[in-house]
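> Given chain A, put chain B with the ligand in place with the hints provided.
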Amino acid sequence: MQGEFQNGFKCADFDALLAEAIDGTLTGTQLMRFEAHRESCAQCSLLFTQARAGYEWLEALPEVEPPVALVKQILAATQETARAETVARHARQSWTERIRELLSAKVRPVFAAVAQPRFAMSFGMAFFSVTLMLNVTGVRLTSLKHVDLRPSSLVRGYYETTGRLVKYYENIRFVYEIETRVRELKRAATPEEKPSGTDKQQDRKEQNRGNDREKKYENYSREDSQPYLATTGNGLQDVLAAVRRWS
Amino acid sequence: MDDAQVVATLVRRCVAGDAAAWEDIVRRLNRRIYNICYRFTGSGDDAQDLTQEVFVKIYRTLGSFDVEKGSFITWVTAVTRNLLVDHFRKTKQDRVTDSLDNTGAEDEDLLPLSEQLADNGPSPDVRVHRRETQEMVQQALQKLSPELREAVILRDLQDMDYKEIALALKVPEGTVKSRINRGRVELARLLSRTYRQVM
Ligand SMILES: [Zn+2]
Chain A
530 MQGEFQNGFK
540 CADFDALLAE
550 AIDGTLTGTQ
560 LMRFEAHRES
570 CAQCSLLFTQ
580 ARAGYEWLEA
590 LPEVEPPVAL
600 VKQILAATQE
610 TARAETVARH
620 ARQSWTERIR
630 ELLSAKVRPV
640 FAAVAQPRFA
650 MSFGMAFFSV
660 TLMLNVTGVR
670 LTSLKHVDLR
680 PSSLVRGYYE
690 TTGRLVKYYE
700 NIRFVYEIET
710 RVRELKRAAT
720 PEEKPSGTDK
730 QQDRKEQNRG
740 NDREKKYENY
750 SREDSQPYLA
760 TTGNGLQDVL
770 AAVRRWS
Chain B
2 MDDAQVVATL
12 VRRCVAGDAA
22 AWEDIVRRLN
32 RRIYNICYRF
42 TGSGDDAQDL
52 TQEVFVKIYR
62 TLGSFDVEKG
72 SFITWVTAVT
82 RNLLVDHFRK
92 TKQDRVTDSL
102 DNTGAEDEDL
112 LPLSEQLADN
122 GPSPDVRVHR
132 RETQEMVQQA
142 LQKLSPELRE
152 AVILRDLQDM
162 DYKEIALALK
172 VPEGTVKSRI
182 NRGRVELARL
192 LSRTYRQVM
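Protein sequence lines correspond, in order, to chains A and B. Residue 530 is where the first sequence starts when you use our numbering, and the numbers rise one by one after that. Residue 2 is where the second sequence starts when you use our numbering, and the numbers rise one by one after that.
Bound-form chain A, shown alone (with noise of 0.2 Å):
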């Protein structure tokens, strides 16, 4: 091959040179070399001469607009997807793995709020009520009388029968959470059919009342609870007051 060795700068170099050359950022001594060789190496001539041609029909391929439909498309194509594998995962699942799943994506952050000290002992501040506690441990106002009144046993009653209320509180409200969550699973597995004329408006109604037994659900947990809990607070101050006053 001619010029093969010339300059040092052989056909290979010139092919390793080539793309930056049709693209114009060959630049100083690389340049000049490139340059050098394509004027003495008839081979390498012709190639740059039709590489540069393939660029040069290349360009003239406009980019071409995708159908109108296409977003719509891949839209209903990939929520379909998503739909069948979560019907497919939970085809495979047993019950366990569904409930340990359902556990871990929603109840956790239930547990996670209930076992926070502060919450803890709001539940034992709302429940010490004296009227509450005297009738979940049998006691009637009128045999008061027999009641150990000792500080330290009213201490130790208290801290019994609050710790005991805690629990049975906490296991309604993981009742309630399983079964809401449970729901929303069983609405999710059912394919969602498409609502036609007339049907719409019973499926909205359908879903409203949904809505509104679930939002019993969240009142009951969470919004009636919670500012009632702050508010019967200071109960506890003012009855560990009066037992600081009779010991």
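Don't read these hints as lab results, they were simulated from the structure. Mixed in with the good hints, there may be bad ones.
Claimed, not checked - Partial list, computed: chain B residues near chain A (C-beta under 10 Å):
| id | residue |
| --- | --- |
| 1 | A20 |
| 2 | V27 |
| 3 | R28 |
| 4 | R32 |
| 5 | R33 |
| 6 | Y39 |
| 7 | T52 |
| 8 | A141 |
| 9 | L142 |
| 10 | K171 |
| 11 | R183 |
| 12 | E187 |
| 13 | A189 |
| 14 | R190 |
Claimed, not checked - Negatives, chain B to chain A, calculated, CB over 10 Å:
| id | residue |
| --- | --- |
| 15 | D4 |
| 16 | D19 |
| 17 | N31 |
| 18 | G71 |
| 19 | K178 |
Idealized CB from N, CA, C, for every residue including glycine.
Below, chain B with the ligand alone, put in the same frame as chain A:
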């Protein structure tokens, strides 16, 4: 925020289950993916199906994309390219043997919208000539081996740099450049032959 950061944010939101973020990703990328598929397959219908397939694949594997590690565009291009290669293996080049002069009006809707709508653009003669040229180049592109074809599409039609292409195709940069050179050269040879026949 530059484009890459915007996309990275969208990906994070999308992985967290944000449907609006996914729609945004689809709107930003569908044109690009469709064009790669169209130029690779030479068929509007195939490009449409493949683009949809690419997005389903992206959707299912989005969680495996590492936002910190590389460009989302490169990752998406790699997914696209892999599906195109699969498609190529399945259909094994039955269209390539088509002669250059049997493309017709069915591809008319694939011209750029601006060109279809332009009233005061080039004269009808020039437009017809341009369209014939485009069809010829597309046909010639179809005759390149998939390795050369994908290289010139990503470089000359998608304007990706050598490094990005190397990452998407998982080959060294030197190989990318060599494929681009060979692709361009072969295309020119094919077209000079065709041109002599047609003209
Ligand atoms: Zn040479």
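> Which of the stated hints cannot be reconciled with the structure, identified by number in ascending sequence?
10, 17 and 19
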